[in-house]
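Engineer: Heads up: the protein sequence lines correspond to chains A and B, in order.
Numbering follows the working numbering, with no gaps: position 75 of the first sequence is 75.
Numbering follows the working numbering, with no gaps: position 34 of the second sequence is 34.
A hint or two may mislead.
[As the list claims (entries may be wrong)] Derived pair list, reagent style DSS-like, types lysine-lysine, alpha-carbon separation capped at 25 Å:
#1 A:K91 x B:K199
#2 A:K91 x B:K81
#3 B:K153 x B:K110
#4 B:K38 x B:K50
#5 B:K79 x B:K92
#6 A:K15 x B:K18
#7 B:K110 x A:K97
#8 A:K91 x B:K92
#9 B:K79 x B:K110
#10 A:K97 x B:K153
#11 A:K51 x A:K66
#12 A:K66 x A:K53
#13 B:K199 x A:K90
#14 B:K18 x A:K33
#15 A:K96 x B:K92
#16 B:K153 x B:K139
#17 B:K72 x A:K66
#18 B:K110 x B:K81
#19 A:K15 x B:K25
#20 B:K92 x B:K134
#21 A:K97 x B:K81
#22 A:K42 x B:K25
#23 A:K71 x B:K72
#24 B:K153 x B:K79
#25 B:K18 x B:K6
#26 A:K90 x A:K71
#27 B:K38 x B:K25
#28 B:K134 x A:K42
#29 B:K72 x B:K92
[What the hints assert, rightly or not] A few chain B positions that, by computed beta-carbon distances, are all more than 12 Å from chain A:
#30 S2
#31 I11
#32 L12
#33 I23
#34 E53
#35 T54
#36 Q63
#37 K92
#38 S95
#39 N123
#40 A130
The set of hints was computed from the structure by calculation and includes no laboratory data.
Think of the CB as a built atom: it goes at the ideal place given N, C-alpha and C, for glycine as much as any other residue.
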Amino acid sequence: MSGLETIKIIVDAEKEASRMLEEAQRKATEIRKQIDITIENKRSEALSSAKQKASEITERAENEGKSEAEKFERESSGKLHELVTNASSKKESAVKKLVELVLS
Amino acid sequence: MSETAKFTEDILSIAREKAQSIISKAEEDADRILNEAKSNFLREASELIKNAETEGEAIRRRQVSEARHALKLREQGEKNKILNEVLDQTRKRASEITVDENRYLQYLTKLSVDGIQEIGLENVVLHLNAGDAKRFGEKLNREISRQMQKPGKVDLAREPIETAGGVIISNNDDTIRIVNTFEQRYEALEARLLIEAGKLLFNE
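With the sequences and hints as input, model every part of the structure.
Structural biologist: Structure (structure tokens):
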């Protein structure tokens, strides 16, 4: 092998080495670019799922509150009816006692 | 292997290692960045859910509290209705005493005696409505004299007063007055009547 051929082989090897490094740099840049997209996708997925869950939580709470309120109204309406009936039955005697008080 | 081949192999081998190291470093950085970001957005998501739980609890409580408030208002409305009916009936029934002449005379006498004692003067003037003045004028004077230990001079006012019943006791020049009319007594007693009615009707 002549000296010239030897130099050519070495120069070619260095070119190949340089190409390898350029390719690695390109891949590294690509990985870094890709990570932003991955993060945004995963974030969006996590938040969307959390929003869905949050919406279910508030909806469930609203239904629970509504049903508790209705239950309370049902129970209380009975008590109120009882209170009115009770007081109505005492009206006459109350009037008599109050008249006595006014005329005393 | 020739010297040249060994030399070029070394160049390529070093380049491969360096290239691998560049890629590995980029992958490690990507993993670290992803983990940091994951931790942040998971915290964000967890915060969203926590807020929804707090909001949900507030919604639930508000609905129950609104129901309680509405019921309280309904209850108060019903109570007021009954209380007003009872107070109206009381006022009407108390005024009906005027129909029973004997009982009303006794009551009028009591109101007059109380007023005379309260005003504390020798000479007083009694003011009645036109009907009562006509019905009880002299009788009332006699009853007062009978009931009081040392009755002073009691005159009846010439001008009748506008009232459903009862009496106003005044001095001669009408500058001091004790008002014992039905309306005044009812007004003075209204707060007490409300309390008593509440106790009688609702055990309050």
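Engineer: If a hint holds in the structure, say so; if it doesn't, say that too.
Structural biologist: Now for the hints, and whether the structure bears them out:
Between K91 (chain A) and K199 (chain B), the direct Cα distance comes to roughly 12 Å. Compliance with the 25 Å bound is thereby established for this hinted pair. Under the criterion of a C-alpha separation no larger than 25 Å, the hint pairing K91 (chain A) with K81 (chain B) is consistent with the structure, at around 12 Å. For the hint linking K153 (chain B) to K110 (chain B), the alpha-carbon distance of about 17 Å falls within 25 Å, and the restraint holds. Distance restraint check for K38 (chain B) and K50 (chain B): the Cα-Cα separation of roughly 18 Å lies within the 25 Å cut-off, and the hinted pair is therefore satisfied.
This hinted pair checks out: K79 (chain B) and K92 (chain B) have alpha carbons roughly 20 Å apart, not beyond 25 Å. For the given pair, K15 (chain A) sits about 15 Å from K18 (chain B) by alpha-carbon distance, which is consistent with the 25 Å threshold. Restraint check: the Cα-Cα separation between K110 (chain B) and K97 (chain A) comes to about 19 Å, which is no more than 25 Å; the hinted pair holds. Of the supplied pair hints, the one linking K91 (chain A) and K92 (chain B) holds, its CA atoms being roughly 14 Å apart against a limit of 25 Å.
Between K79 (chain B) and K110 (chain B) the CA atoms are separated by roughly 34 Å; this puts the pair beyond 25 Å, and the hint is violated. Taking the CA atoms of K97 (chain A) and K153 (chain B), the gap is near 36 Å; set against the 25 Å cutoff, the hint is violated. For the suggested pair K51 (chain A) and K66 (chain A), the alpha carbons sit about 22 Å apart, so the restraint of at most 25 Å is met. Our distance criterion of 25 Å between C-alpha atoms is met by K66 (chain A) and K53 (chain A), whose separation comes to about 20 Å.
Straight-line distance between C-alpha atoms of K199 (chain B) and K90 (chain A) comes to about 11 Å, which keeps the hinted pair within the 25 Å bound. For the hint linking K18 (chain B) to K33 (chain A), the alpha-carbon distance of about 21 Å falls within 25 Å, and the restraint holds. With a CA separation close to 11 Å, the supplied pair K96 (chain A) and K92 (chain B) stays within the 25 Å bound. Proximity of K153 (chain B) to K139 (chain B) is assessed by CA-CA distance (about 15 Å); at most 25 Å being required, the pair is judged to hold.
The straight-line distance between the Cα atoms of K72 (chain B) and K66 (chain A) is roughly 18 Å, inside the 25 Å bound, and the hint therefore holds. Restraint check for K110 (chain B) and K81 (chain B): not satisfied, since their Cα atoms lie roughly 33 Å apart, outside the 25 Å limit. With a C-alpha separation of about 23 Å, the suggested pair K15 (chain A) and K25 (chain B) falls inside the 25 Å cut-off, and the hint holds. Between K92 (chain B) and K134 (chain B), the direct Cα distance comes to roughly 23 Å. Compliance with the 25 Å bound is thereby established for this hinted pair.
As the CA atoms of K97 (chain A) and K81 (chain B) are separated by approximately 19 Å, the hinted pair is consistent with the 25 Å bound. Restraint check for K42 (chain A) and K25 (chain B): the C-alpha separation of about 22 Å stays at or below 25 Å, so the hint holds. Among the hinted pairs, K71 (chain A) with K72 (chain B) is consistent with the structure: their alpha-carbon atoms are about 15 Å apart, no more than 25 Å. Straight-line distance between C-alpha atoms of K153 (chain B) and K79 (chain B) comes to about 49 Å, which puts the hinted pair past the 25 Å bound.
For the hint pairing K18 (chain B) with K6 (chain B), the CA-to-CA distance comes to about 18 Å; that is within 25 Å, so the pair holds. Distance restraint check for K90 (chain A) and K71 (chain A): the Cα-Cα separation of roughly 29 Å exceeds the 25 Å cut-off, and the hinted pair is therefore not satisfied. Note on K38 (chain B) and K25 (chain B): the hinted pairing holds, with a Cα-Cα distance of about 20 Å set against a maximum of 25 Å. About 100 Å separates the Cα atoms of K134 (chain B) and K42 (chain A), which puts this hinted pair outside 25 Å; it is violated.
For the hint linking K72 (chain B) to K92 (chain B), the alpha-carbon distance of about 30 Å lies beyond 25 Å, and the restraint is violated. Listed as outside the interface, S2 (chain B) is inconsistent with that label: its C-beta sits roughly 7 Å from the nearest C-beta of chain A, within the 12 Å cut-off. Not every C-beta of chain A lies more than 12 Å from that of I11 (chain B), the closest at about 5 Å, which undercuts listing it as non-interface. The beta carbon of L12 (chain B) sits about 6 Å from the closest Cβ of chain A, which is not more than 12 Å, so the claim that it is off the interface is violated.
For I23 (chain B), the non-interface assignment is contradicted: its Cβ lies about 5 Å from the closest Cβ of chain A, within the 12 Å cut-off. With a least beta-carbon separation of about 6 Å from chain A, E53 (chain B) fails to lie farther than 12 Å from that chain, contradicting its non-interface assignment. Residue placement check: T54 (chain B) does not keep its beta carbon more than 12 Å from all beta carbons of chain A (closest about 10 Å). The claim that Q63 (chain B) is not at the interface with chain A is violated, since a C-beta of that chain comes within 12 Å of its own (minimum 3 Å).
With 12 Å as the threshold on Cβ separation, the claim that K92 (chain B) sits away from chain A is violated: the shortest Cβ distance comes to roughly 9 Å. Not every CB of chain A is more than 12 Å from the CB of S95 (chain B) (nearest about 9 Å), against its label as outside the interface. Its beta-carbon lying about 28 Å from the closest one in chain A, N123 (chain B) satisfies the requirement of being farther than 12 Å from that chain. Non-interface status of A130 (chain B) relative to chain A is upheld: no Cβ of that chain comes within 12 Å, the nearest being about 22 Å off.
Checked against the numbered hints above, the structure violates hints 9, 10, 18, 24, 26, 28, 29, 30, 31, 32, 33, 34, 35, 36, 37 and 38; every other hint is satisfied.
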